[in-house]
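Trainee: One letter stands for each residue in the lines below.
Protein chains: 2
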Amino acid sequence: MPLVAACQLKLDVDKPQNCSQIATQAIRRAIANGAELIVLPELSNSGYCFASMSEVQESATSLHGDLIREWSQIASEGHVVIVAGINLFESGHYWNASIIIDQSGVRGWYAKAHLFGDESKFFKAGDSGPLVIETALGKIATMVCYDIEFPEWVRIAMLNGAQLLALPTNWPWIGQTPTQPPMEVVRVQAAASQNKLIIVAADRCGSERGQSWVATSVITSVEGVIIAIANPTPKDVDDAGEIIYAQVELPTDTAITMKNDIRKDRRPTLYSSILNE
Amino acid sequence: MPLVAACQLKLDVDKPQNCSQIATQAIRRAIANGAELIVLPELSNSGYCFASMSEVQESATSLHGDLIREWSQIASEGHVVIVAGINLFESGHYWNASIIIDQSGVRGWYAKAHLFGDESKFFKAGDSGPLVIETALGKIATMVCYDIEFPEWVRIAMLNGAQLLALPTNWPWIGQTPTQPPMEVVRVQAAASQNKLIIVAADRCGSERGQSWVATSVITSVEGVIIAIANPTPKDVDDAGEIIYAQVELPTDTAITMKNDIRKDRRPTLYSSILNE
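Just so you know, the protein sequences line up as chains A and B, in that order.
For reference, each letter of the first sequence is one residue, going 619 to 895 in the working numbering.
For reference, each letter of the second sequence is one residue, going 619 to 895 in the working numbering.
Derived by calculation from the structure, the hints in this document are not laboratory data.
It is possible that part of the hints are untrue.
Pairs involving identical chains hold if they fit within one copy or between any two copies, as the list cannot separate such chains.
[Stated by the list, open to error] Straight-line alpha carbon distances no greater than 25 Å define the calculated SDA-like cross-link-like pairs of lysine to any residue that follow:
| id | residue 1 | residue 2 |
| --- | --- | --- |
| 1 | Lys742 | Gly710 |
| 2 | Lys739 | Lys882 |
| 3 | Lys882 | Leu777 |
| 4 | Lys882 | Ser672 |
| 5 | Lys742 | Lys882 |
| 6 | Lys633 | Glu676 |
| 7 | Lys742 | Ala846 |
| 8 | Lys739 | Glu695 |
| 9 | Lys757 | Gln865 |
| 10 | Lys742 | Gly726 |
| 11 | Lys877 | Asn849 |
| 12 | Lys742 | Tyr863 |
| 13 | Lys742 | Arg647 |
| 14 | Lys877 | Gln829 |
| 15 | Lys757 | Ala873 |
| 16 | Lys882 | Trp791 |
| 17 | Lys877 | Glu673 |
| 18 | Lys739 | Glu688 |
With the sequences and hints as input, model every part of the structure.
Mentor: So, in structure tokens, the structure goes:
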């Protein structure tokens, strides 16, 4: 049973060079604590609340930049899988991306397909499904933040064989009713249970240009049960924020009872006409 | 803002004649308390744990039977909408159905499309999408129990304009990890928030042939927030069980922020190929 970690980081778009450093420190700390899969928040190399396109440009990384080279080196030395939300410049565009790196290097990257708020001012929306990569730990999928509110998207990851979903997020407090757990966590739990997936969601903490975050990074079982959850309030203990850990058993099938299977019990011919409209 | 009610009933498949009586009593009580929409559990005229097909046959109702005539009369006199799970004989088959009745009579019926456990031994699976009916209260959708674990199905109801989902259920305790709230409620909350729907779920209480139920019938806001929830433990106060009520405001759009809309933000062209496999 691999030990997985979600790094809840305090980042600041006003100090982009610090963001990468904080992210890298968190990866190193998680590895030191035995984590084999480390998940970082959305846009962990830049922060989120951009005021201008030039801020996006200045804080972006490329697939061949120093940051990705460093993380690849760390993954190689530590024999771990890293999934990180990053501000990525690639193929002439800026992407709100998630990258999967393992001991062999960059295994793939995904561009957020469902953009939230003002993100479309800065990033091009991805046109490909959730990334699913076969790793030494199992089949790991990734998508970014708002993507998970589209249950079709998680379904696609499950149908493509994902056993674990790594979700970099920046869950903003924007007037939603505070609940315990927050609705962001409730949606993660439901997505896990409806797709028999482990989910590891890494959020932000602290605040940035007046924007605070839900925090409560979470790791769920395939039943949707919360097995680790981070502090719900902004935490300023140190710059690295908080790392939560859990030992997880990846599912080997999609059965939920002796007689029911959430994949086989689907009725896809009944879904097709309307869902594609 | 209409007052809606979910009736958590103690039924017994060994006494099918009592089931209909208990269900009818609950409807009358909810109306007396001012409810304008009343939701009953799955198979509320028969109980659930059938031992033989003859038990199904003997407890089934037809659309033109005494029970539906009585409920239509009550709906007409009370100017209410009733949504009830029923064991229905229609078109030569037995169905695990949900029926929508308003003051003008039977508005439509739906056959559970995703059958659970041994249900396929007794019932034919429906081949039509969730029923969505325009009523005096708004557009009301219905499906039955396990159906809601298929997020595609709730999506279809939302895409067809549903503002409220009435969910007759029989949530069995079958070894799932007990959580607070139960995962059955968590999935209802997520479905509501991801589709901006009010959800009214009516479950069972007590036990039947050794099978007990999760109970915790629930009414959620369009944010997925629990606004009423029934007792989680089997309750034997009286034969009518427990009725929960909430005043709900039906949504008039699918916007979730000034800039985001869960219907418009979908990327259906990206979903089509895989979801229909």
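Trainee: Compare the structure with each hint and give your call.
Mentor: Outcome of the hint check:
1. Lys742 - Gly710: Within. Shortest intra-copy distance 10 Å satisfies the 25 Å Cα cut-off; inter-copy 54 Å does not.
2. Lys739 - Lys882: For Lys739 and Lys882, the Cα distance is within 25 Å only across copies (17 Å; inside one copy 40 Å).
3. Lys882 - Leu777: This pair counts as both: shortest intra-copy Cα distance 10 Å, inter-copy 24 Å.
4. Lys882 - Ser672: neither (48 Å within a copy, 29 Å between copies)
5. Lys742 - Lys882: Between copies only: 17 Å across chains, 35 Å inside a chain, cut-off 25 Å.
6. Lys633 - Glu676: within (11 Å within a copy, 72 Å between copies)
7. Lys742 - Ala846: neither (33 Å within a copy, 41 Å between copies)
8. Lys739 - Glu695: neither (38 Å within a copy, 56 Å between copies)
9. Lys757 - Gln865: Result: close within a single copy only, 16 Å intra versus 45 Å inter.
10. Lys742 - Gly726: within (18 Å within a copy, 45 Å between copies)
11. Lys877 - Asn849: neither (38 Å within a copy, 28 Å between copies)
12. Lys742 - Tyr863: neither (33 Å within a copy, 45 Å between copies)
13. Lys742 - Arg647: Neither. Shortest intra-copy (33 Å) and inter-copy (56 Å) distances fail the 25 Å Cα cut-off.
14. Lys877 - Gln829: Close across copies (17 Å), not inside one copy (47 Å); limit 25 Å.
15. Lys757 - Ala873: within (17 Å within a copy, 34 Å between copies)
16. Lys882 - Trp791: Between. Shortest inter-copy distance 22 Å satisfies the 25 Å Cα cut-off; intra-copy 38 Å does not.
17. Lys877 - Glu673: This pair counts as between: shortest inter-copy Cα distance 22 Å, intra-copy 54 Å.
18. Lys739 - Glu688: neither (29 Å within a copy, 58 Å between copies)
Consistency with the previously given hints fails for numbers 4, 7, 8, 11, 12, 13 and 18, ordered from lowest to highest.
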